[in-house]
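Heads up: the protein sequence lines correspond to chains A and B, in order. Going by this note's numbering, the first sequence opens with residue 18, and the numbers climb by one from there. Going by this note's numbering, the second sequence opens with residue 7, and the numbers climb by one from there.
Keep in mind that the hints were calculated from the coordinates and are not lab data. These numbers come from a predicted model, not from an experiment. Glycine included, every Cβ here is placed at the ideal spot set by N, Cα and C. Misleading hints may appear alongside valid ones.
Ranges between beta-carbon positions, derived for each pair [stated by the list, open to error]:
id, chain 1, residue 1, chain 2, residue 2, range
1, A, E32, B, V25, 18 to 24 Å
2, A, K38, B, I66, 51 to 57 Å
3, A, Q77, B, S75, 16 to 22 Å
4, A, Q61, B, E50, 21 to 27 Å
5, B, K90, A, R81, 42 to 48 Å
Here are the simulated lysine-lysine pairs, DSS-like style, with alpha carbons at most 30 Å apart [unchecked claim]:
id, chain 1, residue 1, chain 2, residue 2
6, A, K104, B, K90
7, A, K42, B, K81
8, B, K33, A, K42
9, A, K23, A, K106
10, B, K33, B, K71
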Amino acid sequence: MTSLTKAEMAERLNEELGLNKREAKEMVESFFDEIRASLAANEQVKLSGFGNFDLRDKRQRPGRNPKTGEEVPICARRVVTFRPGQKLKDRVEAYAGNRSE
Amino acid sequence: MTKSELIERLIDRHNQLSVKDVELAVKTMLDHMTEALAHGDRIEIRGFGSFSLHYRAPRIGRNPKTGESVPLTAKHVPHFKPGKELREQVNDSMAERPGY
């Protein structure tokens, strides 16, 4: 199975849009940087068609060290969750259909 | 932040590019990512996170209105796992901007 990386995304911006290689690389970097910065400022990110990155605050809860059985509290924390948009969900479901054929 | 706000922020950072270029770049990147997942590929962005597909087994669903049983086929759903850097930055923001 192959993975899509920033390098390939930059390559496409270079080939299809004609951004030079440096511009293309910087565009991909800042795209993910801006999304991360928004989430780090506790601001949800909504990319219509693709999906939403939401933030959830979790309260402290009791946990357990699975090895020792010792009780260890899990601290309150903030986490990112991704909710795929309808278009992305539809495209991915279609893939599953093709593969079973 | 919405897609158009993201585009505005990127325009500010890349003032050598035209508005049209930035709009097209964002569309191209999101299409590329959608396409990768639609082909069953993963997306791996260091420091940000990875996207992959999770399998959902076939099951018997129910029409909530009629109570009738409906067979649902197996499918895949997109899944995002935040990377270490994103996870830490978001969690650290809790001290500065409590949500509740």
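Hint-by-hint comparison with the structure:
no., hint, in the structure
1, E32/A with V25/B: 18 to 24 Å, "holds (21 Å)"
2, K38/A with I66/B: 51 to 57 Å, "holds (52 Å)"
3, Q77/A with S75/B: 16 to 22 Å, "violated (41 Å)"
4, Q61/A with E50/B: 21 to 27 Å, "holds (23 Å)"
5, K90/B with R81/A: 42 to 48 Å, "violated (24 Å)"
6, K104/A with K90/B, "holds (28 Å)"
7, K42/A with K81/B, "violated (34 Å)"
8, K33/B with K42/A, "holds (16 Å)"
9, K23/A with K106/A, "holds (22 Å)"
10, K33/B with K71/B, "violated (39 Å)"
Of the numbered hints stated above, those contradicted by the structure are hints 3, 5, 7, 10, listed in ascending order.
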